[in-house]
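Enquirer: Listed here are the chains, written in short residue letters.
There are 2 protein chains.
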Amino acid sequence: MTEIPKTHPRYLSLVAREKVAAGVAKGFTSTQGLIAQGRGEAFDYLIGERTTPSAAEATRAAAAMLLHSRRPAISVNGNVAALMAEEMVALAKALNAPLEVNLFHRSEERVGRIADLLRFLGAEHVLGERPDAIVPGLDHARAKATSGGIYDADVVLIPLEDGDRCEALLAMGKKTIAIDLNPLSRTAVKATISIVDNVTRALPNLIAAIEELKRSSEGEIEEILASYDNRAALRMSLEEIKSTLSRG
Amino acid sequence: MTEIPKTHPRYLSLVAREKVAAGVAKGFTSTQGLIAQGRGEAFDYLIGERTTPSAAEATRAAAAMLLHSRRPAISVNGNVAALMAEEMVALAKALNAPLEVNLFHRSEERVGRIADLLRFLGAEHVLGERPDAIVPGLDHARAKATSGGIYDADVVLIPLEDGDRCEALLAMGKKTIAIDLNPLSRTAVKATISIVDNVTRALPNLIAAIEELKRSSEGEIEEILASYDNRAALRMSLEEIKSTLSRG
Numbered sequence: 006m007t008e009i010p011k012t013h014p015r016y017l018s019l020v021a022r023e024k025v026a027a028g029v030a031k032g033f034t035s036t037q038g039l040i041a042q043g044r045g046e047a048f049d050y051l052i053g054e055r056t057t058p059s060a061a062e063a064t065r066a067a068a069a070m071l072l073h074s075r076r077p078a079i080s081v082n083g084n085v086a087a088l089m090a091e092e093m094v095a096l097a098k099a100l101n102a103p104l105e106v107n108l109f110h111r112s113e114e115r116v117g118r119i120a121d122l123l124r125f126l127g128a129e130h131v132l133g134e135r136p137d138a139i140v141p142g143l144d145h146a147r148a149k150a151t152s153g154g155i156y157d158a159d160v161v162l163i164p165l166e167d168g169d170r171c172e173a174l175l176a177m178g179k180k181t182i183a184i185d186l187n188p189l190s191r192t193a194v195k196a197t198i199s200i201v202d203n204v205t206r207a208l209p210n211l212i213a214a215i216e217e218l219k220r221s222s223e224g225e226i227e228e229i230l231a232s233y234d235n236r237a238a239l240r241m242s243l244e245e246i247k248s249t250l251s252r253g
Numbered sequence: 006m007t008e009i010p011k012t013h014p015r016y017l018s019l020v021a022r023e024k025v026a027a028g029v030a031k032g033f034t035s036t037q038g039l040i041a042q043g044r045g046e047a048f049d050y051l052i053g054e055r056t057t058p059s060a061a062e063a064t065r066a067a068a069a070m071l072l073h074s075r076r077p078a079i080s081v082n083g084n085v086a087a088l089m090a091e092e093m094v095a096l097a098k099a100l101n102a103p104l105e106v107n108l109f110h111r112s113e114e115r116v117g118r119i120a121d122l123l124r125f126l127g128a129e130h131v132l133g134e135r136p137d138a139i140v141p142g143l144d145h146a147r148a149k150a151t152s153g154g155i156y157d158a159d160v161v162l163i164p165l166e167d168g169d170r171c172e173a174l175l176a177m178g179k180k181t182i183a184i185d186l187n188p189l190s191r192t193a194v195k196a197t198i199s200i201v202d203n204v205t206r207a208l209p210n211l212i213a214a215i216e217e218l219k220r221s222s223e224g225e226i227e228e229i230l231a232s233y234d235n236r237a238a239l240r241m242s243l244e245e246i247k248s249t250l251s252r253g
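Chains as they are written, first to last, in the numbering used here: chain X, 6 to 253; chain C, 6 to 253.
So that you can see chain X by itself, here it is in the shape it has in the complex:
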């Protein structure tokens, strides 16, 4: 990795970039994943590279939905593995939920490497290497899913997910929680809850919110879910970007 001075005004963004580039070298991330990282950087810049109030609210609602779920599942792709593998393992433990490796540009080798990484970091329930089910409406390579994981989950956390797959999971009657920096993306627009934030900030926040809400009653959790309005949160994200543009 290139050494980046901690005093650099965009230190965290540059470290994340290096991690994704290192993820390509280690075989977790595809070259397409680097381009996706760049898209994310642009939107992150536009929301001010910070967790906005609307993202914080969406994260809290996501924590409530995951705790309220009977069968949550967590999708892991190459960029998430390169950036946040430890946090994904911690999240799976906090929820006692499976991690399912789920790649847009699937290769069995990359699936295996990411699954090995997650197990090496202590994950107990890693799926995706032996998919046994098909998500209807997707082409073959992208439709693969696993029973006991994404396939029969009621709530799926999909950080950095493609719009087609988000919609296909919704069409199966599942709830989806997206983490996506583009508030106009199909994924963000369609997801049940859309956290418009960088995964490097959103996942630690999500884990902290889950730990906090574990001490809440079922009624309090239902109250958080009932009062959350995803469309309003997305509108607020767009307003955040407009205000960055107005300062320009």
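Think of the hints as simulated: they come from the structure by calculation, not from any bench.
There may be inaccurate statements among the hints.
Since the list gives no way to pick out one identical chain from another, each pair is judged satisfied if it fits inside one copy or across any two copies.
[To be verified] Straight-line distance between alpha carbons at most 27 Å, and here's what the computed DSS-like set of lysine-lysine pairs gives:
1) K11 / K195
2) K195 / K247
3) K195 / K31
The model shown is predicted, which means the values in this text are computed figures rather than measured ones.
Following the hints, put chain C in place on chain X, whose structure we already have.
Expert: What follows is chain C alone, placed relative to chain X:
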């Protein structure tokens, strides 16, 4: 290259992405270049993946400035080489100007490969392999320039350029013409003329504008330059993005 159906709504964007990924495989583009392509995609999406009226006006002013210049030079980096090498050669011919390979993450091997590509495509005057001068104010690897090229040009076309280098060229008294999709970037904010457009659209438009203005008088060209207001054009670009966000 992955086959992309021509009917795909984002065909051109996906083809550009594949070209940059292929540029990495061919040794023209760095992994950082892929991330930069992603950032560009995000901003292009926000301006509607089309040449906006303000970008068209900036392109026309850029053509006038290049024709009015005594010693224009054209900077070529890895992404530009991967995406638009033929157009860069055509532009150099239209202006009778040198192309100078100028990489942010310089490696002699990449400089050589890009220079070879440009010569293979018919460029007659390719610089950058034997830099003999230093742009003041930049660290060593990024300061390298060539006499007869960028170093003593009066106007430099800098597609996809870093903000530090744009500023260093301006500090030498040169005029700079940036092609940069982020209207808030330091490059776009500082450049003499900022074309907020995708290079894949801007370069063909720029070549066409040069051919058209070659038939104009010196007075007409000076009139175009005198009436162009870069700050107003940048403000219009920001308004274009805001209107995309308002449709969301």
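Enquirer: Evaluate each hint against the coordinates.
Expert: Hints, one by one, checked against the model:
In this homomeric assembly, K11 and K195 come within 27 Å of each other (Cα to Cα) only across copies, at 26 Å, whereas the closest approach inside a single copy is 37 Å. For a Cα distance limit of 27 Å, the shortest separation of K195 from K247 qualifies both inside one copy, at 21 Å, and across copies, at 21 Å. Taking the closest pair of Cα atoms, K195 and K31 never come within 27 Å of each other, the shortest separation being 33 Å inside a single copy and 38 Å across copies.
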